[in-house]
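A.B. asks: All chains should be modelled from the sequences, with the hints used to inform the complete structure.
Residue numbers (our numbering), protein chains in the order written: chain A, 1 to 674; chain B, 1 to 674.
Honestly, the hints are just simulated from the structure, not real lab data. A couple of the hints might just be wrong.
Claimed, not checked - Footprint (simulated), chain B over chain A, 3 or more residues, beta carbon under 8 Å:
hint, segment
1, 133-145
2, 314-327
3, 335-341
4, 348-356
5, 362-368
6, 425-432
7, 613-624
In this text, a Cβ means the ideal position worked out from N, Cα and C, and glycines have one as well.
Protein chains: 2
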Amino acid sequence: MASASTNPNPQRVSTMSGGRCRVAIENVRPEIDGGRFPAKRVVGERVIVEGDIFADGHDAIAAMLLYRNEGESDWHERVMQPLVNDRWRGEFQVDRIGNYYYTVTAWVNLFESWRRGFAKKVEAGQDVTVDRLAGAELAELGAQRAAGKDRESLEQFAAALRSKATGAGESGPDPRLAALMEKYQERRHAAVYDKQLVVNVDRAKARFGTWYEMFPRSCAAQEGKHGTLQDCIARLPYVASMGFDVLYLPPIHPIGYSFRKGKNNNFAASPEDVGSPWAIGAKEGGHKSIHPKLGTLEDFKRLVTKAKESGMEIALDIAYQCTPDHPYVKEHPQWFRKRPDGSVQYAENPPKKYQDIYPLDFETDDWRALWEELRSIILFWAEQGVRIFRVDNPHTKSFLFWQWVIPEVKKSYPDAIFLAEAFTRPKVMYRLAKVGFSQSYTYFAWRNTKAELTEYFTELTRTEVADFLRPNLWPNTPDILTEYLQFGGRPAFMARLVLAATLGASYGIYGPAFELCENTARDPGSEEYLNSEKYEIRHWDWDRADSLKEFIGMINRIRRDNPALRGDRGLLFHNVDNPELICFSKRTDDLTNVIVVVVNLDPHHIQSGWVELPMEDLGLDPHQPFQMHELLTDARYLWHGPKSYLELAPQSVPAHVFRVRHRIRREQDFDYFL
Amino acid sequence: MASASTNPNPQRVSTMSGGRCRVAIENVRPEIDGGRFPAKRVVGERVIVEGDIFADGHDAIAAMLLYRNEGESDWHERVMQPLVNDRWRGEFQVDRIGNYYYTVTAWVNLFESWRRGFAKKVEAGQDVTVDRLAGAELAELGAQRAAGKDRESLEQFAAALRSKATGAGESGPDPRLAALMEKYQERRHAAVYDKQLVVNVDRAKARFGTWYEMFPRSCAAQEGKHGTLQDCIARLPYVASMGFDVLYLPPIHPIGYSFRKGKNNNFAASPEDVGSPWAIGAKEGGHKSIHPKLGTLEDFKRLVTKAKESGMEIALDIAYQCTPDHPYVKEHPQWFRKRPDGSVQYAENPPKKYQDIYPLDFETDDWRALWEELRSIILFWAEQGVRIFRVDNPHTKSFLFWQWVIPEVKKSYPDAIFLAEAFTRPKVMYRLAKVGFSQSYTYFAWRNTKAELTEYFTELTRTEVADFLRPNLWPNTPDILTEYLQFGGRPAFMARLVLAATLGASYGIYGPAFELCENTARDPGSEEYLNSEKYEIRHWDWDRADSLKEFIGMINRIRRDNPALRGDRGLLFHNVDNPELICFSKRTDDLTNVIVVVVNLDPHHIQSGWVELPMEDLGLDPHQPFQMHELLTDARYLWHGPKSYLELAPQSVPAHVFRVRHRIRREQDFDYFL
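C.D. replies: Put into structure tokens, the structure is as follows:
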């Protein structure tokens, strides 16, 4: 039978070899849920593929990683290298948005098996006359697969092996022959992994983004007025000055009147109450309309354009739910559940009732039309220039719908990014990431101690989760004012900001509540803001002297200047002998950028301790002193050895953000030292 | 569309629901390599199936485990129960040899969702008029799925819910209604796991067996004579008296003459040398022939019968390799590799040469005929009554061959058992278990310290490995005389015997070398026996006074009497504050049989320490004293609390084997205490 081509169609190869295939390929990673879901990367990232690869017996094997972009029909190849314990590794880089496919092929390496045996026999002084002929036969077969100069060389090597006089000598075969044979390997009976795995590639912002959430209606310059999209435009320089690149707006659609909630979520709304932006739909329109008081579609498009000019993108909120006044309720009554009395089923979590909200029924017989309409909402806003969608409570809509709609949107807008706001059980959160969400809100807000942060971010960045879920960290949201912030005051806000901005390549804050350290809860034990913007218009003193805006700007500049902070894979936690101090580092693959962060988690007391760094993991020579450049203060420290002492006072800045400078000047650097 | 039947065809259900299926099923276990290989069980065992199962939103769900024997077309069902973190569990029992299929289906549980909400609303004192109607509708739908009395009852419940007067009352729905609705659930839009997984069921001996390996040619009663199969028959009472139930014989075929090895593996054999039984094939025949000096096929069949009468099975060695004198070499030269000089390629591991052995070439173009011939060897011996095959070096034959031949043999002999002798790298060893071997030799022989034993047996019994690999533990083999045995003497043999017999439901010894504590190595640093039976006939003093045969018999009786020792899943290691003492327990699922073993790993010194038992895991009341029945000495100890002191002297018996007696008599048991 014919041997495999050098650019095999995996399916064909595995069939052709029949029972003679001797190599096993197992446990290939990344492989999400047995290949049911794609892994995730952004443009420019590497995909490191590993697998357990072995054959029966003692023959040498060779393994090749195959990959191709969805637009290509031929596979690219990358040689895989053995690690330990029959694990092999290869990698490729993804340069285009969309899907890449990859799989692994491996075969018994006849020449290498021969070469090893030959070398050992030569070393043992054994007669290798027949072995030399076997090598010549392999080289001749190699020559048949080669052309031009390579073919000539292989023929010469074969001839040399056959002729004892001019032979390869008893010192083992020529390394140039081995190199040529590696190039023209005989791949007969190659094994091919039985799955073609997928990696879905997004643009870089899916991984690295700095988000700011702001209620447009609170943006009016004048107190008591309903803010507009025009007012948002006026706010852009403020947001941009802090270094944010995504401006996320809660829903901007008409708000329902029926069962409208009053201030502080009061059931009895007065006629002046503005209602919750998430209560979408009224006589003025639904999900494709803009609240008349915010402005027009033209205003919105202007906002998108102006934001872009300021280096920002607008992210919109996709909240698939309707008030009783939403046009869908009349136009598509079959999309909602009916109660036995004929009324529409409102949202409830007994005994709580949300009569202002009608959930869509994803079990409706008319699901196809429902799905298409929901897709059309995203496409409508994409047409207006929006590419980032923060999706409200995706875990209350069906997984299959997301699995369909996200690729559907990407067909027309490959650069679309979807952030899942699913504060729910871990496996549900992970499933949403698997079915296609580009990013996910996390439990970060509630991970406050060193042990909690270490365990959670180890799970997110150093397990399989890192292959399908990209965390987006929020120290606060309009729904979440944690007790840590309520009781920790300004030092707590600073500590949580540093943690979010350095633990997460993507993070966001809900402002200006955050930078103004707004921290009064509605009730004791509640995480709701008092006088929450969800139910009323607020007028903020944006330029208050004690605002954290400068600090935030500094942190965001550090993020932008240091590639280590633009990804999550390089995260490592380090020992500190004080449970209130947390220390971690992030690194680029090539170690040219290494950031070490230390945060005092205690917002009340000065804390000190000894930090212990794994010198070699951070690219440091354990026998040389090194410089730690503190980026918040621009101070520079000389450290030596793995252990260093630190002290952090919460009332000034409760964190250090160091850039490791690998080498410091010494006497040898002096011009005429030698 | 129609709803799912109560006995769904998984494929059909998942297609029918289209986009309306809201439940996700992930991470189902057991699932070996994504379902590529079957899990293993023996008749009578349970298969515990777990999966992550969840829906969007807050509705209750229900999950069902589906399973069927390969001979059945309908699925059986077992209700799955939620554990924590969206993990669900169900189980079924396997009662027949062969394959069982299993998968999982799950759906939104409409009635339970309603029931929970209704109960909460009643508790909160809310108006439930409409909810009662909703419940009635569900009960009416349930009635349509029911028949007879159940249907009537459901109709009555529905009517009661509709009529406030006779209603279910504001105390929540009647539990009998819930029970009926559980029975007649609406399974619309059910999710079905996308794989049908397989569990392969063997007979009980695949899990629990006690093996004795013996060279027939060393069994002659008279020194200097070549032992025969007839002599083996005479040895059966001896082997049976020690409680063994599998008698494994090294190859019994004609031994080659070319390059025959002499005593102690000497290259220069004398004409009297008998050669290695693993050098198979001569003019007298090959793998289907019996060495003329051992006897005839009739003798062999008599041995099989007599062994059975003594409660034992004969296990044969399948060693797929040929000497230069094997008939295959002439009849099927294409099954061997050729060297460039036209000679047949002998086995080599450069610079070592094994010129007495020609390996079969699994890459031959004639592989189909080769496979069939190799299958016919096993079938030939199966026809003579052999059902257990110990396979020599299966890792030097192709995985695909084993994956084919083992099920092929089982088609005709479903009770066949295959033990893989693959002392090779872990992933290769595991692959052989996955492709079908019933049992596997392990690294047990080289795991001597507490840390090594704990780590290794935790991996074998408490990870996924336990689902596909059944360990068979051998403290020695003709190839393996460990340094622990060489230097530890009799106490080492006793300790290793207890460890093998209690850590492994299957274990074996190579005797009589083992019971006679033969421990002289050929060379320092070698694990080869001096004067190994592999190359010469030995004459043993089987009844030497210091033989361990009585001790072995006692251990094997304890194994037979205690079901906890007949499986490997109940293994737990316990703390002892002395690294030379190891303590572990084995339990039956129902905790009616709990065995605690303590072994002194130091063959030279008395060792003592405090053992710490997890009382509740062993079914013990932490507030009551309990009795520990020492089965080797029949002594009984009263222990109380988790910690107990122990002392073990290697020169007497270096181990305790306790049976836990859960309750001891107290004053309350006295007839007239009350």
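A.B. asks: Hint numbers the structure violates, sorted upward?
C.D. replies: Hints 2 and 7 not satisfied by this model.
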